[in-house]
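K.L.:
Here's the letter readout for the chains.
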Amino acid sequence: DGGITQSPKYLFRKEGQNVTLSCEQNLNHDAMYWYRQDPGQGLRLIYYSQIVNDFQKGDIAEGYSVSREKKESFPLTVTSAQKNPTAFYLCASSPLAGDSYTFGSGTRLTVV
Amino acid sequence: KNQVEQSPQSLIILEGKNCTLQCNYTVSPFSNLRWYKQDTGRGPVSLTIMTFSENTKSNGRYTATLDADTKQSSLHITASQLSDSASYICVVSKKGGGNKLTFGTGTQLKVEL
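Quick mapping for you: the protein sequence lines, in order, are chains Z and B.
With my numbering, letter number 43 in the first sequence gets 43, and the count goes up by one each step, no holes.
With my numbering, letter number 110 in the second sequence gets 110, and the count goes up by one each step, no holes.
If you're looking for bench data, these hints aren't it; they were derived computationally from the structure.
The beta-carbon is built from N, C-alpha and C at its ideal position, and this holds for glycine as well.
Please note that a few of the clues may not be correct.
Stated by the list, open to error - Ranges of calculated distance between the beta carbons of each label pair, as one might list FRET restraints:
| # | chain 1 | residue 1 | chain 2 | residue 2 | range |
| --- | --- | --- | --- | --- | --- |
| 1 | B | Lys95 | Z | Asp38 | 24 to 30 Å |
| 2 | B | Thr78 | Z | Gly63 | 42 to 48 Å |
| 3 | Z | Asn53 | B | Asn18 | 45 to 51 Å |
| 4 | B | Gly16 | Z | Ser7 | 35 to 41 Å |
| 5 | Z | Pro95 | B | Gln3 | 25 to 31 Å |
| 6 | Z | Thr5 | B | Gly96 | 30 to 36 Å |
| 7 | Z | Ala61 | B | Thr78 | 38 to 44 Å |
Just chain B, with the same shape it has in the complex:
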């Protein structure tokens, strides 16, 4: 069964600190991996998308890594801000699956003063 698992389930950090969120997947054959940010009561917004050949991709203070051999990805947030408080969702696309995606359950991040 194609799955996407994220850890931790939730995380609380102080403003200005860094954090790293993890994503492991079993989706095969792999096409691409996306990280989304979802504010409470809103739709997900894309942060990064990586294909098989990409190891890292940045979007401002967000840096995603991908190890396609171990089927692991991480999202690193640098110098966190209160506005980073949200759910971060890892999403994997299957090659030949059209644009049907497999979603992780998300990591709920809270940034506090």
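Extracted from the complex, chain Z is given alone in its bound form:
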């Protein structure tokens, strides 16, 4: 089955540590996205990529970094510079044209 897989489902991080969230898709989508979801707020875009080896900052990119070395993969690194990293992180993918927009099942990151 085609889909988008995020791992791990739960992640705990100590303050001052970097941590990387995985996102893999086998939908042959060109574009991939990372969102952050906090209680009472709509999803906010962190980074997106429309092609391999290229990505753009979203609305809240500070303290995060990404890479797009393969079409299928778009990992997100939460760095120690992110002041409030505890949140639910969602990865999504879509074709460049068309309406299909698919979300992964999310990773809940908790800073301890």
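The hints should help you fit chain B onto chain Z, whose structure is shown.
P.N.:
Showing chain B alone in chain Z's frame:
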């Protein structure tokens, strides 16, 4: 500023009853509007997507309406089931904005016995 506002913020209904969720948006120029269902701790799943020319679209017991003139949409759930308990998110896409979306904060629906 492009915004999507949903109401009510939360809703409790009895199993078998109908309910209607509202979405108002200011995103312009408009491309399409989507409704997603998000179970707790899971990713959003698409229910419907409507373009400017579509007034209504159904997906089983879910029926979405769109009034592009007043920039309003609604999601009607018929004969609710316990499994309908979830957050329902309205999402609007801007024409020429690629696939960057503007998300509402969601309506938290709880269906009780």
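K.L.:
Next step is simple, just say for each hint if it's right about the structure.
P.N.:
Do the hints match the structure? See the list:
1. Evaluation of the 24 to 30 Å hint for Lys95/B and Asp38/Z yields a pass: the beta carbon distance comes to about 28 Å.
2. Checking the proposed 42 to 48 Å range against Thr78/B and Gly63/Z shows it holds: the Cβ atoms sit about 44 Å from each other.
3. Distance hint check: the CB atoms of Asn53/Z and Asn18/B are about 50 Å apart, consistent with the given range 45 to 51 Å.
4. A hinted range of 35 to 41 Å holds for the C-beta pair Gly16/B and Ser7/Z, which are about 38 Å apart.
5. At roughly 26 Å, the beta-carbon separation of Pro95/Z and Gln3/B lies within the given 25 to 31 Å, and the hint holds.
6. In this structure the hint that Thr5/Z and Gly96/B lie 30 to 36 Å apart at CB holds, the actual value being about 31 Å.
7. Range check, Ala61/Z to Thr78/B: about 41 Å between beta-carbon atoms, so the 38 to 44 Å window is met.
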